[in-house]
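Chains as they are written, first to last, in our numbering: chain A, 342 to 709; chain B, -18 to 246.
Hints are not guaranteed to be accurate.
Stated by the list, open to error - DSSO-like mimics (lysine-lysine), calculated; alpha carbons at most 30 Å apart, straight line:
#	chain 1	residue 1	chain 2	residue 2
1	A	Lys552	A	Lys406
2	A	Lys406	B	Lys69
3	A	Lys613	A	Lys655
4	A	Lys445	A	Lys469
5	B	Lys194	B	Lys101
6	A	Lys445	B	Lys69
7	A	Lys552	B	Lys69
8	A	Lys447	A	Lys469
9	A	Lys447	A	Lys406
Hints in this document: simulated from the structure, not taken from any laboratory.
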Amino acid sequence: MAYLELNELRRSFGPVVALNGINVALDQGEFLSLLGPSGCGKTTALRLVAGFDRPNSGSIVVDGKDITRVSPNRRDMGMVFQAYSLFPNMTAEQNVEFGLRIRKNKRGARRKRVQELLELVGLGHAVKRYPHQLSGGMQQRVALARALAIEPRVLLLDEPLSALDAKVRVQLREEIRRIQTQLGITTLYVTHDQEEALSVSDHVAVMWSGKIEQMGTPSEMYSAPATPFVAEFIGTMNRLEGVVVDGERGEVEHGGTRLTVDTARGRTRGEKVLVLVRPELLQLEPSTNGAAGDNTLAGEVVTHTFLGSVTRLKVQARAAELISDVPTARVDSLPVGQPVVAHVPTAGTRLLSLKDEPASFELDPDNP
Amino acid sequence: MRRKWIAPSAVVWLVVAAAFFLLPLIATLMFSLRSIQTNKCCSGAAYSLIVHDHQFWHTIRVSFVLSLETIAISLLLFVPTVYWVHLKLPRLRPVLGFMALIPFVVPPIILVVGLLDLYKGAPAWFYDKPYGILGFAYVILAFPYMYFSLDAGFRAIDLHTLTEASQNLGASWRTTLLRVILPNIRAAALGGSFLTLAIVMGEFTIASLAAFKTFPTYIQIVNETQPYEAAALSLLSFMIVWAAMLALLFVGRGRVRTAQVATTR
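With the rest of the complex left out, here is chain B:
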C-alpha cells in the first residue's frame, strides 16, 4: 500500500494555524499561573479562588440553563416553521432568510432597549428573571445561526418525497416530523444548537444592560479587579463551552452518522 506523505507546505500551514489558535491560549495559561503574591510562575491560586467562588458556579449554571432553554425554544419554534416553509411555502424562504439577518443588523444594545421597553408591563416571572426575557432575547440572537443551519439541513434531504412516503404509509404530520424528518436533519439541528450554546455562554451586552448576572458578566467583574483570576476564568470558560459542545455531540452522535451518510446521496 502506498504511504501518504503530508506536503511540507501543508505542514507549514498547519503549524501557522495551530500557532494562531494556541499561542493566545498558552499565553493566557502562563499568565493565569502566576502567583498572586509574587507575580511569578507557577501557582494554581487563581484557579483555586475561581472554583471556590460560589458566584462562578451560580453564573455558569444560569448561562448554561439559558443556553439549553434557548436551544429548546429555538428548535421547537424553527424546526416546524422551516419544515413547513420548505414543504408548502418555498416562496417565503427569502423572507425568512432576510428576517434571520436582522439580529446581525440591529445591535444587541438597541435590541435590549427595545425589548425592555416592549415588555415592561410583562409579569414579574418573565421580566425580572433571566430565564424569561433574557431567554426570549437570546432566541432572537440565535435565530440566524439556527435558521441557516436548519435551512441547509432541509435542503440536503428530499423533503417532499420523504414526507409523502411517510404519509402514504399512514403517518400523521407530527409522526412524519418526529420520526422521519427530524432524524434526518439532526446534524443540522446539532450544528445550530452548538452555535446557540456558544453565543449564549458568551453574550454580555444584553445580560449586562438588563442587569442580570450571567457568566459573561461575572467574567467582566472579575476582569476589572483580579487579572490572574480573569485569565484563569477565560480558560475555564473556554473549556466549559467545549465540554458542553462535546456533551451535545455525544447525545446526538449515533443517529447523526447514519443521517449524514444518507443525505449525501
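Pulled out of the complex, with its shape left as it was, chain A reads as follows:
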C-alpha cells in the first residue's frame, strides 16, 4: 500500500475543471514532482493535499488514513510556498520554532531542533535575523527549515524556487534533494521547470489540462514519452508528421521522404503518426548536391544558438523545421545558410499515433 495516495481527485471552479480525476501513489520517502505548464492543475492538486481547498470528489490518503476532510492545521503537512511566506514579525529562529510552539514542545527540545534545522539549511549564523534582513534564497531556506521542523508526514513544495535567480535556484534545489534524501521525507514538488523536476525527483508526473499525462522516473519521461504533449514538454523534440506506409518494415512517409524507424514496425498501413526525434540524435552533415539519401531530410541551416558544449542548429527542411544539437567544436562546418542533410536514426526514435495529440497546446521549440 502506498504512503500517499490521491484517488480520482477532481476539483472544478465554476465551469473550469482544474483537476479531472488524478491518481497518484507514492511510497514513503519518495520525491514526486508535478510538472506542467501554468493552469494545468498542479498547484490545485498540492493545495488539496495541504487542505487549503476541498476536492469535489475523490480522496487523499496518507499512511492508510483518509484525510480528505481534515482541516489544514491537523494534517501535519509541511509546506514551502512560492511567495515568501515567513512571518515578518518573527526572526528566522522564531519562524522555525512557530510550529513547535503550537505543538507545545518543551523549550529545550524546541531550541535544539530549531538550531539543528537552521544549520541543516546553512543558516546557523542567521537565527536572529528578521525576514526583511534575509535574501530571497535565505528566506526560502528558512521556510524549508520551518516546514521540516514539525516533522511533517509529507513535505509540499509549491514552486519554491521560482522567485530566485538561476544560480541560487540550482544550488537550492540540490540542497532540497540532499535534505529530503537525508531525512527520508515523502515529498510532493510542484514546478513548471522541467530541468528542476528531472534533476531532483524520483518520479515525475507531467500534468496537462487537469490530468496526469504520464508518470514515471525522470529517465523514462525523457526517453519514452507516452504522449506528444509529454514528448514536447520534457526536453526539446523534433516532430515529424507522417503516414505509415509499410508496417512490416517500419516505414513512414514524411513530406515525400521514406523514413525507416523501428518503432513503426507493426503499425497499420495508412495510420497517421508522429515521429519524435531528440535533437541530440539528429545528425547533421553538410550537403553538396542538396539530395537526401536513406533516412535523411535535406534542408538548410537557418540559425545557431550557442549553448556551451553544444550549439543548437535550426534547419529548415521541406516539410518541417528541425532542431539538432551539434558539438560546438564541429559547428564551423555548418554555418548559417549551409545546405545540410539530417540523418533520422532508425533506433531511439519515438512514434506516437496522431490521435493522441492535444488540440490546443503550443510550445516554442527553442524555449520549451
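Chain A is fixed; fit chain B onto it per the hints.
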C-alpha cells in the same frame, strides 16, 4: 561625505506650515496667561483654576475611558471582520467601504436622535451611563477611521500566504489571527486607534444631546462663562490628547517597527 542642504523654498514652506499650526496655539497661550483681575499678561491663574476644578478631572477621565472603550470594541469588532472579508469574502469589501462612509453622511445630531429612540427601552446601565450608549455611538462614529486604517493594513500584507503558512504549521484560526496577522497589522490598528482617541476626546454633539458630561461638554460650559480658563483648557486638552497618543504609540512601538519594515517588501 556630501552635506545635504535644505532648499530655501523648502525652508519657506516649513515656516509657513509651522506658522499655520503654531500661531493659533501661541495666541491661545498668550490669551490664557492674562490675569483674570487685570486682563494683562502674565498670570497662571486660569490654569490653576482649571486643574483645581474637580469637574475637569472627572470629565477628562470619562472621555478617556470612553476612548479606550471605543478603541477596544472597535478593534474586537473590526479586526476579525476585516480579516475575514479580505480572506474569504473579498467581494464584500466595497460594501463594507460604503457602510463605513455612513457616519460621514449621517450627521451626529441625526444619529443620536435615532440611537436614543432605538434604545429607549434598554436597561439603565446601558441607556443612562456614558459607557453604555455613548460608547456604542462612538464605535459607529469611529467606524470609518478604524475600517479604512485596518483595510490599508490588511492590503499591505500577503494575507492568504501568511494565513495558510500559519495553518499549515498547525495553528488554529485564533492563533493565526493573534500571533501572525495582528502583529503585522499593528501599525494600522494603532493608526485607527489614534484617530478614534482624537474623535472621542473631542466629540461634543452626541454627548451634549444625550445629556452626558464629557470633556468637550465641560469645555463648552467653561467657554461660555470663563474666557481665559477656556483658552487654558483648550491648550490643556490639546496636550492631553497628544500625550495619550504618545502613550499609545509607546505601547505598540517595538513591534510596529519590525512589522512596518517587513510589510514594505
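Each hint, compared with the structure:
no.: 1; hint: A:Lys552 to A:Lys406; in the structure: holds (24 Å)
no.: 2; hint: A:Lys406 to B:Lys69; in the structure: holds (29 Å)
no.: 3; hint: A:Lys613 to A:Lys655; in the structure: holds (25 Å)
no.: 4; hint: A:Lys445 to A:Lys469; in the structure: holds (21 Å)
no.: 5; hint: B:Lys194 to B:Lys101; in the structure: holds (19 Å)
no.: 6; hint: A:Lys445 to B:Lys69; in the structure: holds (29 Å)
no.: 7; hint: A:Lys552 to B:Lys69; in the structure: holds (28 Å)
no.: 8; hint: A:Lys447 to A:Lys469; in the structure: holds (20 Å)
no.: 9; hint: A:Lys447 to A:Lys406; in the structure: holds (28 Å)
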